[in-house]
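Protein chains in written order, with this note's numbering: chain A, 276 to 539; chain B, 37 to 157.
One or more hints might be untrue.
[Claimed, not checked] Pairwise CB distance ranges, derived in the manner of DEER restraints: (1) A:E482 to B:K66: 51 to 57 Å; (2) A:E482 to B:C99: 15 to 21 Å; (3) B:E130 to A:A409: 49 to 55 Å; (4) A:G530 to B:C99: 52 to 58 Å; (5) A:I526 to B:E46: 23 to 29 Å; (6) B:I136 to A:Y313: 47 to 53 Å.
It is worth saying that the hints were derived from the structure and are not from the lab.
Even glycine gets a Cβ: it sits at the ideal position worked out from N, Cα and C.
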Amino acid sequence: MTMLFLIVLLEALLAVIALAQLGLKVSLVAFGAVMLFYAWASIHDIKGRYIPLQRAEIPWLYDGIAEMAKKANIPMPRVYLLDDYIPTAYSFKNAVVLSLGLFEVLDQDEILAVAAHEIGHIKNGDTKTFPLLACGKYLMLAFTLFLMVLTRNAVLSISALALAGLYELAWARFHKDREFAADETALRLLETPMSLKRALEELKYYEDLRTGMKSNAVPSIEPTIERKPKQRPPIIETHPSYDERVLRIIIEINGNRMIKNRIQ
Amino acid sequence: MKPHEFKLTEDGIKAVLPPLEAEIMEHMWKVKVATAGQVYEVMRQKHPDIRRSTISILMNRLCERGLLERSVETGRGGMRYVYSITSTREEFEEKVVQSILDALMSNFREATYAYLSKIKK
Chain A
276 MTMLFLIVLL EALLAVIALA QLGLKVSLVA FGAVMLFYAW ASIHDIKGRY IPLQRAEIPW
336 LYDGIAEMAK KANIPMPRVY LLDDYIPTAY SFKNAVVLSL GLFEVLDQDE ILAVAAHEIG
396 HIKNGDTKTF PLLACGKYLM LAFTLFLMVL TRNAVLSISA LALAGLYELA WARFHKDREF
456 AADETALRLL ETPMSLKRAL EELKYYEDLR TGMKSNAVPS IEPTIERKPK QRPPIIETHP
516 SYDERVLRII IEINGNRMIK NRIQ
Chain B
37 MKPHEFKLTE DGIKAVLPPL EAEIMEHMWK VKVATAGQVY EVMRQKHPDI RRSTISILMN
97 RLCERGLLER SVETGRGGMR YVYSITSTRE EFEEKVVQSI LDALMSNFRE ATYAYLSKIK
157 K
C-alpha cells in the first residue's frame with residue numbers, strides 16, 4: 276500500500292514542480308476532494324437490492340457468521356442477501372453481501388466459506404482501504420490529464436502517464452495480494468477449510484459454464500447449453516484466478532497439516 | 037416464448053428446446069413450482085454427473101425464455117428462489133404450433149394452404 280501512496284505523492288510532486296503554486300493548489304484541492312468523497316462513502320451504503328438477514332430466516336448462516344466474526348475478533352457484521360441469481364459475494368464497511376444465487380449452487384459449508392472470505396476482507400481492513408485506493412485511481416487519471424493539458428510538456432506528460440500506469444499495476448498487485456490474504460484468514464476461521472476450495476471450484480465451474488470456456492466437461496450435458504459470446508478479459512487483472520486461489524489454499528492446508536503432524 | 041428453430045429430428049418439446057431444458061420443463065409442468073435444488077435432485081437420478089450450477093443456469097435461461105418465472109420466497113430453509121411455470125404445457129404447444137404455422141404461411145402460403153386442406157379431408 277505504501278507503494279501506491281508513494282506513486283500518488285510523486286504525481287502530486289510532478290504537478291508542483293511543473294506548475295509551482297497552481298500545482299500545489301490543485302494537489303491540495305484534489306486530495307481534499309478524495310478525502311471528502313471517502314468520508315461521504317463511509318457514511319453511505321452501497322445501493323443494491325439488499326435484504327437484511329434476520330437470524331430467524333437462516334439461523335445456520337447467521338450463527339456461522341457470528342462465530343467466525345468472534346474468532347476473527349471483529350464485531351458481528353451486518354449480513355445482507357442480494358436478489359441476484361448469479362452467485363456472488365462482497366463486503367463493504369462491516370457488512371457481508373451474499374447473493375441468493377449462491378444458495379442454488381453451493382452447500383451450507385461452502386456458503387459459510389464464501390462468507391469467511393468476506394469476513395477476511397473486513398478483518399484485514401480491506402473494506403476501508405479498497406475505496407480509498409479506488410479513489411486514488413481516479414485521482415491519478417485526473418492529475419495526468421491536468422498535467423498533459425496545462426504543461427503541454429512531453430517529458431512531464433510521459434512521466435505522468437508512466438506514473439498512472441504504474442499505479443494501475445501496483446493496484447492490481449495489491450488487490451490480488453489482499454484476495455489471497457482474505458483466503459488465508461478464511462482458512463483460519465473455517466471449521467472445514469476444504470469447503471473454501473470446494474466453493475471456489477464450483478464457482479469457477481459456474482463461471483466457465485456461463486462464459487462458455489468449458490466445451491466438453493460432461494459429455495451430453497454442457498454442449499447443449501447455448502452460450503453467450505466470450506467476454507474480452509481485462510488488460511490488467513485485479514483478481515487472482517480461481518485456479519491460483521485453489522492452489523494456494525491446497526498449499527496452505529497441507530502446510531498447516533504438516534506443521535501439526537510435526538508438533539504431534 | 038416463440039421458438040426460433042424447430043429440429044425435425046427431435047421428439048416432443050426437444051424439437052424447440054435444448055434437451056436438458058426440455059427435461060426440466062417436462063418436470064416443471066408436472067410440479068408447477070419448484071426450487072433449483074428440488075429440480076437438481078430429480079435430474080440427478082437420470083444424469084448422475086449433473087451439477088447444481090448446470091441446473092441453476094438452465095432454469096434461469098428458461099426464465100429468460102419466458103417459460104419460467106423466478107420469485108424470492110422465505111420458507112423452511114430460509115430465503116430462496118422459487119421457480120414457477122408461466123404457461124401450461126398445452127398453452128406452450130399451442131404457441132409453438134401457432135408460430136410455426138405463421139412462419140409457414142408467410143413463407144410458403146400456397147403450399148401450406150394446399151397441404152392443410154389435403155390433411156383436413
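So which of the earlier hints does this model not fit?
1, 4, 5, 6
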